[in-house]
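Asker: Chain by chain, the residues run as shown.
Number of protein chains: 2
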Amino acid sequence: MKTLKIPEATIIRLSVYSRYLSQVDQKGVVTISSGEIAEGVGVSPAQVRKDLAYFGEFGTRGVGYNVKDLHRHIMKILGLNSEWPTIVVGAGNLGTALCMYRGFRERGFQIVAVFDNDPAKIGENINEVTVYGLDKLAEIVEKEDVKIGIIAVPADYAQEVANQLVDAGVNAILNFAPKVINVPDGVELRNVDLTVNLEILTFNLGTQKRNSQP
Amino acid sequence: MKTLKIPEATIIRLSVYSRYLSQVDQKGVVTISSGEIAEGVGVSPAQVRKDLAYFGEFGTRGVGYNVKDLHRHIMKILGLNSEWPTIVVGAGNLGTALCMYRGFRERGFQIVAVFDNDPAKIGENINEVTVYGLDKLAEIVEKEDVKIGIIAVPADYAQEVANQLVDAGVNAILNFAPKVINVPDGVELRNVDLTVNLEILTFNLGTQKRNSQP
Chain A
1 MKTLKIPEAT IIRLSVYSRY LSQVDQKGVV TISSGEIAEG VGVSPAQVRK DLAYFGEFGT
61 RGVGYNVKDL HRHIMKILGL NSEWPTIVVG AGNLGTALCM YRGFRERGFQ IVAVFDNDPA
121 KIGENINEVT VYGLDKLAEI VEKEDVKIGI IAVPADYAQE VANQLVDAGV NAILNFAPKV
181 INVPDGVELR NVDLTVNLEI LTFNLGTQKR NSQP
Chain B
1 MKTLKIPEAT IIRLSVYSRY LSQVDQKGVV TISSGEIAEG VGVSPAQVRK DLAYFGEFGT
61 RGVGYNVKDL HRHIMKILGL NSEWPTIVVG AGNLGTALCM YRGFRERGFQ IVAVFDNDPA
121 KIGENINEVT VYGLDKLAEI VEKEDVKIGI IAVPADYAQE VANQLVDAGV NAILNFAPKV
181 INVPDGVELR NVDLTVNLEI LTFNLGTQKR NSQP
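So the sequences go chain by chain: A and B. Heads up: the first sequence begins at 1 in the working numbering, then just goes up one per residue. Heads up: the second sequence begins at 1 in the working numbering, then just goes up one per residue.
A few of these clues could be false.
If you want the footprint, here are the derived chain B segments under chain A, 3+ residues with CB under 8 Å [what the hints assert, rightly or not]:
| hint | segment |
| --- | --- |
| 1 | 5 to 11 |
| 2 | 84 to 97 |
| 3 | 104 to 118 |
| 4 | 163 to 171 |
| 5 | 181 to 191 |
FRET-style restraints, in silico, Cβ to Cβ [stated by the list, open to error]:
| hint | chain 1 | residue 1 | chain 2 | residue 2 | range |
| --- | --- | --- | --- | --- | --- |
| 6 | A | Q26 | B | P184 | 24 to 30 Å |
| 7 | A | Y157 | B | G28 | 27 to 33 Å |
| 8 | B | N127 | A | N163 | 24 to 30 Å |
Simulated crosslink set (PhoX-like; lysine-lysine; CA at most 20 Å straight-line) [said to hold, decoys possible]:
| hint | chain 1 | residue 1 | chain 2 | residue 2 |
| --- | --- | --- | --- | --- |
| 9 | B | K209 | A | K5 |
| 10 | B | K136 | B | K147 |
| 11 | A | K209 | B | K5 |
| 12 | B | K179 | A | K27 |
Calculated directly from the structure, the hints in this document are not laboratory data. Just so it is clear, CB atoms sit at the ideal spot from N, CA and C, and this is done for glycine as well.
Assemble the whole structure, with the sequences as input and the hints as a guide.
Answerer: See below:
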């Protein structure tokens, strides 16, 4: 099968489109144009068409897209047409915040277990999710068919936890620890750098200032 | 002055380059080629040159870039040549995690205060940062010359908090609440959607599976 390299920015916009389509669908709208999607999410109509064109023909010229169909297609492209049992390693503040985060469950990511090596935390519940010791990792990953692990431990433990996740059979890792970690080929890794978001803000503040100068 | 629209992906890569240059500088390396930067961070040499070209000529053909100079230039482009006093609104799990996050201070973002409306939290310290009631917001923003506010409150309060931040004089907002908020022109807003990171993983897992099929 042909491998098309899809830009990550396109995937992020698909995610945005799907949320918008879900809202529009709830309002009872049946068809929508690329221009309406574009206006609703704040990108150009050409961008919407280009993003969707990566995945084949969806719309009917002059009629637009069927809202439900397009939403379903995008969710399928994103792999969100099924539930993803997910685990969090680290029951500290960040891990706890992630367990409480409503956005995950809304998109099909169900946190089924949290892991920590602090005996005081093991057996506790966070938002109805049980905290287990790391010795139970492999067992629970297998039992719950977990594919996704979220690392929310201090930087110094991130690589060790990544290794344990891979050994347990997890093949997609979201790393919140501010540390570069390595995973074998075939394991998807994504690092969430909270700071880079602030840096985009300060860059933009600088651009504002530069543009307002004569 | 000419306004050049810089792609956000470029800003994110500049941030990555600057971290790498900082590491290389600490090892005592004096000059570096675009190829070496590219290899160090995992992008193509052409991409490195293209990203840097947005901001003028840095390197010397055949010699490469001076590591310290290039690092300093990029930090200045990102607005990181000075400290940014920053506040967090919301002293729940996420707000607490953000106060503890080492990555912020390393890049010049110093969290100077946390705000919450829970009387039990007011006056407490999180990682040496004091929790204040929201009635102190304007006073502290002015006193500490705060330009950046981070929203870490439940979705239903996000817009109200954004309004209060803008009224207090904050002109850049990082919103972690899973809710679309509106700010006036001239205020920079960035939404951190934690879920979209998981969706990129599931998309990539799907691509793996598609590509491994005959």
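Asker: Now tell me, hint by hint, if it's right for this structure.
Answerer: Tested hints:
As drawn, the segment 5 to 11 of chain B meets chain A at 4 residues by the rule of a beta-carbon pair under 8 Å; at three or more, the given contact holds. For a cut-off of 8 Å, the count of residues in the segment 84 to 97 of chain B with a CB near a CB of chain A stands at 7, and the three-residue condition holds. Closer than 8 Å: that is the beta-carbon criterion, and the segment 104 to 118 of chain B has 4 residues meeting it against chain A, so the requirement of 3 holds. Coverage of the segment 163 to 171 of chain B by chain A is violated in this model, with 1 residues showing a Cβ closer than 8 Å to a Cβ of that chain against a need of three.
Under a criterion of three residues with beta carbons nearer than 8 Å to beta carbons of chain A, the stated coverage of the segment 181 to 191 of chain B is upheld, 3 such residues being counted. For the pair Q26/A and P184/B, the supplied restraint of 24 to 30 Å holds, since their beta-carbon distance comes to about 28 Å. Taking 27 to 33 Å as the suggested C-beta distance range, the pair Y157/A and G28/B conforms, at roughly 29 Å. Checking the proposed 24 to 30 Å range against N127/B and N163/A shows it holds: the Cβ atoms sit about 29 Å from each other.
Distance check on the hinted pair: K209/B and K5/A sit about 14 Å apart at the alpha-carbon level, within 20 Å; holds. Among the hinted pairs, K136/B with K147/B is consistent with the structure: their alpha-carbon atoms are about 16 Å apart, no more than 20 Å. Pair hint K209/A plus K5/B holds up; C-alpha atoms about 14 Å apart against a cutoff of 20 Å. For the proposed pair K179/B and K27/A, the alpha carbon gap of about 18 Å is at most 20 Å, so the pair holds.
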